[in-house]
Amino acid sequence: MHRAPTTSAAGLVFRRDLMLAWRRWDDVAQPLIFYVVVTTMFPLATTPDLAQLREISGGVVWVAALLASLLALESLFRSDVEDGTMEQWVLSGQPLGWLLLAKVASHWVLTGLPLVVIAPVVGTALGLPFEAWGTLVLSLILGTATLSILGGIGAALTVGVRRGAVLLSLLVLPLAMPLLIFGSRAVGMVMDGDSPAGPLQLLAAIFFLTLSLGPVAMSAAIRISVES
Amino acid sequence: MWLWIHKLGSPPHAYRLLGKMAPWFGWPALILILLATWWGLVWAPRDYQQGDAFRLLYVHAPSAWMSMFTYVVMAVAAAIGMIWRIKLAHAAAASCAPIGASFTFLALATGSIWGKPMWGTWWVWDARLTSELILLFLYLGYMALRSSFDDPQRADRASAVLAIVGVINVPIIHYSVEWWTTLHQPASVTKLDKPSIALEMLYPLFIMMVGFQLYFGWAISRRLRGEILRRERNAKWLKEGA
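So the sequence lines, in the order shown, correspond to chains A and B. Take the first sequence: its letters are residues 710 to 937, numbered as in this note's numbering. Take the second sequence: its letters are residues 25 to 266, numbered as in this note's numbering.
Derived from the structure by calculation, the hints contain no laboratory data. Any given hint could be a false lead.
Claimed, not checked - Computed Cβ-Cβ distance ranges for the label pairs, DEER-style:
(1) W261/B to W731/A: 43 to 51 Å
(2) M45/B to T755/A: 50 to 58 Å
(3) A77/B to Q761/A: 34 to 42 Å
(4) L822/A to W149/B: 42 to 50 Å
(5) D903/A to L41/B: 41 to 49 Å
(6) L776/A to I137/B: 29 to 37 Å
What the hints assert, rightly or not - Straight-line Cα separation of at most 25 Å, SDA-like style, residue types lysine to any residue; simulated pairs:
(7) K111/B to F916/A
(8) K31/B to I55/B
(9) K111/B to V818/A
(10) K111/B to R932/A
(11) K140/B to V100/B
(12) K263/B to I110/B
(13) K111/B to V925/A
(14) K111/B to F129/B
(15) K263/B to R246/B
(16) K111/B to E256/B
Ideal Cβ positions, reconstructed from N, Cα and C, are used throughout, including at glycine.
Input sequences plus hints: build the corresponding full structure.
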């Protein structure tokens, strides 16, 4: 049987997902709006004083980013499993992990990347100094990418489940705590005038670990969800 | 040897074996826990710094240890179930989760009761307490995922993936939390660091740990028997009266 090379199959999946999102761009915009709304609530709930907000700004930006990218994860595999596309992928003979990774990558471009872009603006509104922008962006790139893969595992496990969204956050958030710790610490260290290299390197290490083992877990989970 | 292992995987055999094993775990566990409690509460000397409050250690440390031990047992059982497709291993993983969650809760509760006289507050964001709390979340997530499937086989395999992903993450979570607290509040953590503990304080701790370990053996035998009954409720061997 003729089989297309894996890279081109994964590329097709990636392009297809981006195109689908382009035609329904309001789905993409919603997590972003959620992100801005949630960060607005912190000054309202605590204090409008910028000096005090600056203390917690790194953490607020990070927590809101985690929650916002979780929002869109729930539907990551749902439509493909429901209309049978996923079964075809499982049967296609292509390595399933690569196809799923392509899907997760497009998901990150659609939800993670916009969050990364808008985060400095939101952070500034919370009093985050200009010097911390680079660290914030870098830590968020690594963090949201890791979260997309972790969330992909969670989404693959919960794809056929009632009330999957709540369950998904219950599964993924505890696993994402190291990201939150290192990410917000990196931002905090820059604001204290320290070098953020340590936590950033740890974030990168976690990202590569997740990148290498995540697709295996994801494809195992999808096979369980599709086979039965 | 192999026959023996294969027999272990068959529900009727395992059911009978577990029934025979349970008392061998249960009675020694009861005796050792009672002995260690008496020893720890009455015979062991008072701590010169912490007074009598340190005696919580005899419950707190073994349950914290068991909470992690149970998670590893659960993940190993889940992996065995995934790799060799042994249903009984999945059943064992399923019966581990509530036991482990109870140990975790016990460790958290005793830790916080201990914290009140030591730190003057019920809760501090101490590294060990926090990673124990995250461990509790992991257990709860595992049980929530398991209960959300109607089909037991799917529940088995999906929760097995989660347990394996979780066990890879547990050390990462533990060290990240540790690193996080040493940056934030170094003073309160070192307070807990025990200056080399006296030997007569240590004996009851060892006995208690062995007792808890045996208790785990008893609890898992009982739970696994229940789990087998639930899964095999329509099987022929049960109706014939095993």
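Hint-by-hint comparison with the structure:
no.	hint	in the structure
1	W261/B to W731/A: 43 to 51 Å	59 Å, violated
2	M45/B to T755/A: 50 to 58 Å	56 Å, holds
3	A77/B to Q761/A: 34 to 42 Å	37 Å, holds
4	L822/A to W149/B: 42 to 50 Å	32 Å, violated
5	D903/A to L41/B: 41 to 49 Å	59 Å, violated
6	L776/A to I137/B: 29 to 37 Å	33 Å, holds
7	K111/B to F916/A	34 Å, violated
8	K31/B to I55/B	31 Å, violated
9	K111/B to V818/A	40 Å, violated
10	K111/B to R932/A	18 Å, holds
11	K140/B to V100/B	36 Å, violated
12	K263/B to I110/B	23 Å, holds
13	K111/B to V925/A	22 Å, holds
14	K111/B to F129/B	28 Å, violated
15	K263/B to R246/B	20 Å, holds
16	K111/B to E256/B	11 Å, holds
When the structure is compared with the earlier hints, violations turn up for hints 1, 4, 5, 7, 8, 9, 11 and 14 and for no others.
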